[in-house]
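K.L.:
Below are the chains, spelled out letter by letter.
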Amino acid sequence: MASTTRNPEPLESYRSGPDDHGHFGLFGGRFVAETLMPLILDLEAAYTAAQQSPEFQRDFDYYAAHYTGRPSPLYFAKSLTESLGGAKIYFKRDELNHTGSHKINNTLGQILLAKRMGKSRIIAETGAGQHGVATATVCALFDLPCVVYMGATDIERQAPNVFRMKLLGAEIVPVTSGTGTLKDAMNDALRDWVANVADTFYIIGTVAGPHPYPAMVRDFQSIIGREAKEQMLAAEGRLPDTLVACIGGGSNAMGLFHPFLDDPVQIVGVEAGGYGIETDKHAASLTGGRPGVLHGNRTYLLQNEDGQINDAHSISAGLDYPGIGPEHAWLHDHGRVDYVSVTDSEALEAFQLCCRTEGIIPALEPAHALAHVAKIAPTMDKEQIIVMNLCGRGDKDIFTVADALGVEI
Amino acid sequence: MSSDDRIQSTFERLREEGRAGLVTFVTAGDPDPETSQQLMERLPDAGADIIELGMPFSDPMADGPAIQAANLRALASGASLRGTLDMVRRFREKNRHTPVILMGYFNPIYQYGPSHFVTDAVAAGIDGLIMVDLPPEEDQELCDPARTAGLHWVRLVTPTSNEDRLKQVLQNTSGFIYYVSIAGITGTRSAAVSSIGDALTAVRKHTQLPIAVGFGINTAEQVRATGEVADGAVVGSAIIREIENNLDESGGAKPELLDRVTGLVSDLSGGLRR
Chain C
1 MASTTRNPEP LESYRSGPDD HGHFGLFGGR FVAETLMPLI LDLEAAYTAA
51 QQSPEFQRDF DYYAAHYTGR PSPLYFAKSL TESLGGAKIY FKRDELNHTG
101 SHKINNTLGQ ILLAKRMGKS RIIAETGAGQ HGVATATVCA LFDLPCVVYM
151 GATDIERQAP NVFRMKLLGA EIVPVTSGTG TLKDAMNDAL RDWVANVADT
201 FYIIGTVAGP HPYPAMVRDF QSIIGREAKE QMLAAEGRLP DTLVACIGGG
251 SNAMGLFHPF LDDPVQIVGV EAGGYGIETD KHAASLTGGR PGVLHGNRTY
301 LLQNEDGQIN DAHSISAGLD YPGIGPEHAW LHDHGRVDYV SVTDSEALEA
351 FQLCCRTEGI IPALEPAHAL AHVAKIAPTM DKEQIIVMNL CGRGDKDIFT
401 VADALGVEI
Chain L
1 MSSDDRIQST FERLREEGRA GLVTFVTAGD PDPETSQQLM ERLPDAGADI
51 IELGMPFSDP MADGPAIQAA NLRALASGAS LRGTLDMVRR FREKNRHTPV
101 ILMGYFNPIY QYGPSHFVTD AVAAGIDGLI MVDLPPEEDQ ELCDPARTAG
151 LHWVRLVTPT SNEDRLKQVL QNTSGFIYYV SIAGITGTRS AAVSSIGDAL
201 TAVRKHTQLP IAVGFGINTA EQVRATGEVA DGAVVGSAII REIENNLDES
251 GGAKPELLDR VTGLVSDLSG GLRR
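Those sequence lines, one after another, are chains C and L. Its first residue numbered 1, the first sequence is counted upward by one per residue in my numbering. Its first residue numbered 1, the second sequence is counted upward by one per residue in my numbering.
Chain L on its own, in the form it takes in the complex:
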C-alpha cells in the first residue's frame, strides 16, 4: 500500500511511540445523526487512534444487548448506509489522518450494491471494512471488489480458528487483524490476558500484520493489559453504554453526553500512554 495508507502509517507511528493503539467503536447515528457526528469528530483528540464505525443493521447477530440497542436507536433516528458514508465524508473535511473502518453486516451493502458501495466508500475517505457475516467462503461478494478499490479488508480471527482455518482467514486480510478474544457476542464476557497472549503468539507465526484485540475490553486497566500483548485494543460496548447512560427519558442526548463519552475515551487511552 502507498504512503498515504492511513492504517499503515498509524501503526508505524504507534511503533515509534512504543505503545499499542486504542480502537474505538461507535454505531453511526447513535443516538442521533448530529450527536454521532460530533462524537466522531472529537474521538481522535480524546485518544482514539483508529475509529471503527458500526453500520446500523436491524438484526446484528454477533452483538450483545448494548450494541443491539445502539443499532435500534440509530435506525429509529433515521440512520442508513448512505448516512454513514456522509458522516465519514464530513469527518474527513476536518481529519485527514485517523483511519476509519466500517464494521457491520452485509445486507445493507448488498442492497446498496457492492461495487457502487466500494466506490462511494473510497470517495468518502473510508480506509477499511470489517464484515461480520462474510467469511472467506463468500469473498467474491465484497472482499474482492473492496480490495480492488483500495480498501483494507480486516478479518476477524477467533478462538475457534484452528491452524488450517487461520491460513484461510489470513488470505486476503490486510491493514490489521481483529482478534476476537472470546467465542461469543460483543459486550459480554472478558478473556484472560494470558490466554490472549498465547493465542496471538500462534497467530503471529502466520502473519506480520498488526493485531488488535476486541470483545470484552471495558476498562482502562484491561486496555493497558491488552496493549502489553497486542498492537491495539478495541473498545465498543463500554463506550456505547456510556452513551446510553447519558440519554434523557425520551432517548435524546443529554447536554453532557459528548463530554462524558470523550472523557471515558481519554481515560481508556490513558492506559496506553503512561
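Isolated chain C, as found in the complex:
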C-alpha cells in the first residue's frame, strides 16, 4: 500500500513548485488518458506564453478591477474579535466579489486564456454551484457557450445557483453517476472534454486536476493573498500571525496562502469534518485519506483498501470532494501548513455567529474556517492577528441552513 511521505525537513522556499512535469514532490502530475495529453501540453504552453504577455496581464487586471470589483476589502471584524475575546480577526472579503465568491478570479483568468487559444466552447464542473455561476458569468460576458456538469444531489441542494446559471445562459447537465456530487461531475466533465477535444476548453474550478491546472488556478487565485499582504501592511504595519481558510479542493486557501508561504506566518487549512473524522461521513482528505491517483493528479484521497474512491460528506456542497489539490498535499507532508477539520455542526454554529456579530451571512464553506477561528482566537494574545478568507457569501445556503436548524422558510 502507498505510504505517506511526511517530511519535516524545512525547505528554502515553499513557493517553488511544481517542477517541469507538474509534480509537487510526490504529488500532482498528469495522470490522464492519451487523448487528452496533447491538449494538456497545448494548454501548458499557452498558459506559459500568457504569463509572459503584458496584454494578458492587463486584461486580467482590468476585469478584476472593473468587473469583479477587486481589490476586495480586508475588514477588521471588531464585533467578532470582541465577542471571542482574543486575537484580532480580519476577514479578506472575497464574498463581495461579483458572483459572490472567489471563484470568479480563476474563471476570468481561464476564459481569457481560452479566448487566446481560440476555443469556442466552455465546460466546467461545479459542486456548490459557485464555480458554475462564475463560469456561466464569464461565458455570458465573452459570449461563449457554456456547459456545466453538476451532480444531481447538488442540483437539489443548490437550487438558487442552478437557476442563476440558467439565467446566465448556461446549459446544466445533471450527473447521476456515483453519488451525484462534485467528484462525479468532474468525471463527466472529463468525459465531455475527451469527446470534444477540438473546440472545448475545460475550466477546472479548483487547484486540482492534471498539470498545469493546480499551478494555473493557484496563480489566478493568488491575487487574494497578494492583496491581503499589502492591505495588512497598510492597516497594521506588519504581517498577520495566522492565516485561516477552508478547503475542499483548496483554491481559496491556496490563493490566500501562497504569497505568505515563505513568511513567518502560521497557516491553517480547514477541511470539512462532516459528522466527524471518526465516522466515514466526512470530506477531510488530508486527515482521513492517503495518497492516490484521481482526476489527473496524485494527492490525498478518501478511498478504501482496494483503491476505490469513497464518497465524501459535508453539509457544504463546495467542500464535498474526496480529494484535495496536490500542492496542499505537499505542504501538508512538509508540515508548512497545518490542516485541521471542523464538523458540520461546528460550521453551522459559526455561520450563525457571523450573521449575528458581523451582519454578514457567510457561505457554509468559509463558515468552516470561521469555526476554527472561533476555537483559536480566544487562546491567542490580543495583539496577535488572524486573517481569514471569507471566500463566499451565504445566500445560496439559506435553505440548507434552515433545513439543518429545523426551520421552515
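Hint data in this document are derived by calculation from the structure and do not stem from the laboratory. Every residue gets a Cβ at the ideal spot worked out from N, C-alpha and C, and that includes glycine. Check each hint, because a few of them may be wrong.
[As the list claims (entries may be wrong)] Here's a subset of chain C near chain L, in silico, CB distances under 10 angstroms, partners left out: (1) A33; (2) M37; (3) L39; (4) S177; (5) G178; (6) K183; (7) M186; (8) D262; (9) V293; (10) L301; (11) N304.
Given chain C, work out where chain L should sit, using these hints.
P.N.:
For chain L alone, coordinates are given in the frame of chain C:
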C-alpha cells in the same frame, strides 16, 4: 520476447489464418464473481482471440455509461484487484494459450503496490497491461516495472496523437497497439472505417507492432470491416450491454446470460472467419 509469448504467437497464428483477431472486453466480476469467471472461461471457444479484462474502478473516467455500470455492478458484488488476479489464475488452470490483458485505471494498482502487483500479475498468467491514465510522462510509475517483469505494455494511440506524440507513445509499447478510433469515451460513437484505415497507415510508418482498433465497434459487420484494415477489433460495450440485458430485476444473472453473451461473441467473431 520468447516463444511462450502468448500475444506474439496469437498474432502469428492469425497471420497464418489470414484474418484479424477478435479482442473481447469484459469487466472482471461483472455481474458477480462466478458468472464472470465462467464467462471468461467460455470466451475463447466462443471466438475471442484475446481477452481484455477490465479492473473495476469506482471512477472510470474514460468509459461511457455501459462500462461505468459494469464497474459499479462488479464492485457491488465484491470485486477487487486481488479478485481480478485470482480470476486470471483460475482461468490459466484451464487455458494456457489465450492472451489476457488487464485494462484499467492506476489507483487500485498504486494502492496494491506496483512492484508487488507486477510480480503477482506475472504469476497469475497475465500477459499485458493497458492503463488508461498513465501516459508516457508517468512511465516510471508502472510501465517500467511491468516491462522489467516481462509484461507487455499496450499503449493507446488516439486521433489526437500527432507525429511527435506518436513517437513518444510508441516508445516502451509492446505486444500490440490499441488504436482508439474516436476521440471520446467507450461505447458511444463509431468512426468511419475509411478514416481508421488512413490513421493506421500513418501509425504503421512508425511501428511493426500489430494494431487492434477499439471504441465504437458494436456489430459483426463493424468487426468485419475493422478486420479489413487492422490486425484486431476490440468489442467491449456491446458485450457489456448484452450482460446488462440478461440481468433479472434484482441485478442477478439470468440462467441464459452465459449462452446469450457467448452467442453474441460467436456472432461477432463470425465477421472475421468467413
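K.L.:
Determine for every hint whether it applies to the structure shown.
P.N.:
Status of each hint after checking the structure:
1. A33: With Cβ-Cβ at 5 angstroms, under 10 angstroms, it holds.
2. M37: holds (5 angstroms)
3. L39: Cβ of C/L39 sits 7 angstroms from chain L, so the hint holds.
4. S177: holds (6 angstroms)
5. G178: holds (7 angstroms)
6. K183: It holds, given that the least Cβ distance between C/K183 and chain L is near 7 angstroms, below 10 angstroms.
7. M186: Given a least distance of 8 angstroms, the restraint on C/M186 holds.
8. D262: violated (29 angstroms)
9. V293: holds (5 angstroms)
10. L301: Given a least distance of 8 angstroms, the restraint on C/L301 holds.
11. N304: holds (9 angstroms)
In this structure, only the earlier hint numbered 8 is contradicted, and the remaining ones agree with it.
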